[in-house]
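One line per chain: the protein sequences are A and B, in this order. Residue numbering for the first sequence follows the working numbering, starting at 1 and increasing by one per position. Residue numbering for the second sequence follows the working numbering, starting at 1 and increasing by one per position.
Because the hints were derived from the structure by calculation, they are not lab data. We treat Cβ as the ideally placed atom computed from N, Cα and C, and that holds for glycine. It cannot be assumed that every hint is accurate.
[To be verified] Among chain A residues calculated to face chain B with C-beta under 7 Å, some are:
hint: 1; residue: 50
hint: 2; residue: 54
hint: 3; residue: 128
hint: 4; residue: 183
hint: 5; residue: 223
[What the hints assert, rightly or not] For the chain B half of the interface with chain A, some residues (derived, Cβ under 7 Å), not all of them:
hint: 6; residue: 138
hint: 7; residue: 139
hint: 8; residue: 284
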Amino acid sequence: MSATTTTTAPAARPAAEPAPRHTTGSGRWTASGMLLPFGAFYVVFLLGPLVYTGIAGFFNGSLVKGGLGSWVGLENYRQALGSADFWSSLGHTIWFTVLTTVPLILIALALALMTDRVSRGKWFFRLAFFAPFMLPSSVISLLFMWIYADEIGLAGSVAKLLGVDAPPSWLGDPNWAMISIAAATVWWTVGFNFVIYLAALQEIPREVHEAAAIDGAGPWQRLRLVVVPMLGRATTLVAVLQLVASLKVFDQIYMMTNGGPDDVTRPSLLYVYQTGFTDGRAGYASTVALLLFVIILLISLVWFALIRRTEKEA
Amino acid sequence: MATLTRAPARTAAASARTGNRYGVRYAGSERLFNRVTLGVLLALALLWLAPLAWALATSIRTPAELATDPTAWISDNPTLANYREVLGAGRIPYWYVNSFITSALTTLLTVCTASLAAFALSRLRFRYRRPVFLLILAGVMIPPQLLMIPHFQTLQITGMLNTYWAVILPQVPNVVAVFVFKQFFDGIPVELTDAARADGASWLRIYWQIVMPLSRPAISAVTIFVFVWSWNNFLWPLLAVTDPQMMTLPVGLTSVQDAFGLPQAQLMASAVLGALPLLTVFLFFQRRIVEGIAGTGLK
Numbered sequence: 001m002s003a004t005t006t007t008t009a010p011a012a013r014p015a016a017e018p019a020p021r022h023t024t025g026s027g028r029w030t031a032s033g034m035l036l037p038f039g040a041f042y043v044v045f046l047l048g049p050l051v052y053t054g055i056a057g058f059f060n061g062s063l064v065k066g067g068l069g070s071w072v073g074l075e076n077y078r079q080a081l082g083s084a085d086f087w088s089s090l091g092h093t094i095w096f097t098v099l100t101t102v103p104l105i106l107i108a109l110a111l112a113l114m115t116d117r118v119s120r121g122k123w124f125f126r127l128a129f130f131a132p133f134m135l136p137s138s139v140i141s142l143l144f145m146w147i148y149a150d151e152i153g154l155a156g157s158v159a160k161l162l163g164v165d166a167p168p169s170w171l172g173d174p175n176w177a178m179i180s181i182a183a184a185t186v187w188w189t190v191g192f193n194f195v196i197y198l199a200a201l202q203e204i205p206r207e208v209h210e211a212a213a214i215d216g217a218g219p220w221q222r223l224r225l226v227v228v229p230m231l232g233r234a235t236t237l238v239a240v241l242q243l244v245a246s247l248k249v250f251d252q253i254y255m256m257t258n259g260g261p262d263d264v265t266r267p268s269l270l271y272v273y274q275t276g277f278t279d280g281r282a283g284y285a286s287t288v289a290l291l292l293f294v295i296i297l298l299i300s301l302v303w304f305a306l307i308r309r310t311e312k313e314a
Numbered sequence: 001m002a003t004l005t006r007a008p009a010r011t012a013a014a015s016a017r018t019g020n021r022y023g024v025r026y027a028g029s030e031r032l033f034n035r036v037t038l039g040v041l042l043a044l045a046l047l048w049l050a051p052l053a054w055a056l057a058t059s060i061r062t063p064a065e066l067a068t069d070p071t072a073w074i075s076d077n078p079t080l081a082n083y084r085e086v087l088g089a090g091r092i093p094y095w096y097v098n099s100f101i102t103s104a105l106t107t108l109l110t111v112c113t114a115s116l117a118a119f120a121l122s123r124l125r126f127r128y129r130r131p132v133f134l135l136i137l138a139g140v141m142i143p144p145q146l147l148m149i150p151h152f153q154t155l156q157i158t159g160m161l162n163t164y165w166a167v168i169l170p171q172v173p174n175v176v177a178v179f180v181f182k183q184f185f186d187g188i189p190v191e192l193t194d195a196a197r198a199d200g201a202s203w204l205r206i207y208w209q210i211v212m213p214l215s216r217p218a219i220s221a222v223t224i225f226v227f228v229w230s231w232n233n234f235l236w237p238l239l240a241v242t243d244p245q246m247m248t249l250p251v252g253l254t255s256v257q258d259a260f261g262l263p264q265a266q267l268m269a270s271a272v273l274g275a276l277p278l279l280t281v282f283l284f285f286q287r288r289i290v291e292g293i294a295g296t297g298l299k
């Protein structure tokens, strides 16, 4: 490739001179040297641990004793796949994902469409919807544990104002706990998707709006028939990122309910955490973590393929 | 539906008259549509700000007021006593310092290692360049949560748990940072580095004196994002640090929450203190942050 690129480029330098950017001899050492700092971190803290997790899954290692433990073959896999706790935690993860992904796409889209129409004071809306996203998960949890508190919480008093005589125990009622956490999550993270949509709307040329308006399309029609269909790429991006993020939920659940009541809000990652760090079963937890990774990967791939197809049809 | 007339020309005057960036002059019904939109949007914005406002309002109330009406918004005699108590008795000042040190060092190490690697991948031609790049990119697929057990064991063996390094080191290999830097470096004209090379400059010097000074936008984007992400990181510091004195702010706040006796107003004061640093960062770097997010996947 070296010779051809130099000759096709308008000769800024004599053709005879070897292209300086091609490294030979000592240059190879330069390349290795420059890659080394990052490479070392990459191998020690990413690649190595990944391989180790894969191997540890075949042993019965414990965090207390350290080390791999003794070989158990596929026993951990058999146990995990046969465990009701494993499957129910996966179910809770998926339930949380459904509860958050759909509203987080639709609400972000609606907020962005409305904000895009505002001529003045856009910064205010960007601030209002995006600011929560910047906050640490523990601040969110602290805040919402009080909002959801029985008797003295804000959510209960608002519900009473709206005419609900006996508001449920938001985080204590098995039927409501996950919904409550999902609602807090939507409030917290919608800003990210909102900003992506807002940027996509900004990219739509003004001529498109004008042309549609001249053709007599009203605001609602322009929205439905012109603007929304042009947001396909942004929607793909938002949907994929959102799905992956939701499947990895941990922080807010760990803090707000720690999986309760009766484990109904325990997601897969919390199950990994509990088997690994509470029960100290490092080998088994590695197996569950790896299984979870494979399942997330599969769901993401299927999801991505589905979105791609509907996008093409649209 | 609505009758529309086209704005005469796309001039500043025209858009000032029509009051929107599309240069479309709205007829009556359209103006109504806009007003309804604005109204709905304002209501939603207030709804979004309400939890934060409530935390703020609660944090400056007295225990007596909270006892009589726990969810009221207005305090008759607002007080900063809750903040004084939380800051004085609690460990929040330590957590601020710990969070700042670990996030700053993580960011520094990430920017240095990732930019250097990206430079080699962008400018140097060596064998296995493409496989190496693909291998690094594949790291995106590895969820950090999958790695928490081996990380814990590594740092346990080396005796680094409960130190800053335990929090920092596993966060350093940031694949996205390498990708952002490489994209940016690829856009810098080859002629520039070639000329320096012809003059006999070493690659390291070219990286440090030519490419990095030109890459301020990329450096600041990576800096802001890694810093915010590291500051907010929860699961890993939760495992790496058990000594309350060494905790980062997000992890420390959890222990506040566990301390049952703490009154509501003090908890809300803690939450506000936990929120302040990043809200400040956001106010200062609003444009950079928003543009950074918008640019991640759209281009």
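Evaluated hints:
At a threshold of 7 Å, the smallest CB-CB gap from residue 50 of chain A to chain B is about 6 Å, leaving the interface hint in force. Contact between residue 54 of chain A and chain B, as hinted, is not supported at the beta carbon level, the nearest pair being about 10 Å apart and thus beyond 7 Å. Given hint, residue 128 of chain A at the interface with chain B, holds; its Cβ is 4 Å from that chain's nearest Cβ, closer than 7 Å. Checking residue 183 of chain A against chain B: minimum C-beta separation of about 11 Å lies over 7 Å; hint violated.
A hinted interface residue such as residue 223 of chain A counts as satisfied when its beta carbon comes closer than 7 Å to some beta carbon of chain B; here the least separation is about 10 Å, so the hint is violated. The interface hint given for residue 138 of chain B is violated, since its Cβ lies 9 Å from the closest Cβ of chain A, which is over the 7 Å cut-off. Checking residue 139 of chain B against chain A by beta carbon gives a least distance of about 5 Å; that is within 7 Å, so the hint holds. Taken as an interface hint, residue 284 of chain B does not check out: its beta carbon lies about 12 Å from the nearest beta carbon of chain A, beyond 7 Å.
In this structure, the hints that do not hold are numbers 2, 4, 5, 6, 8, in rising order.
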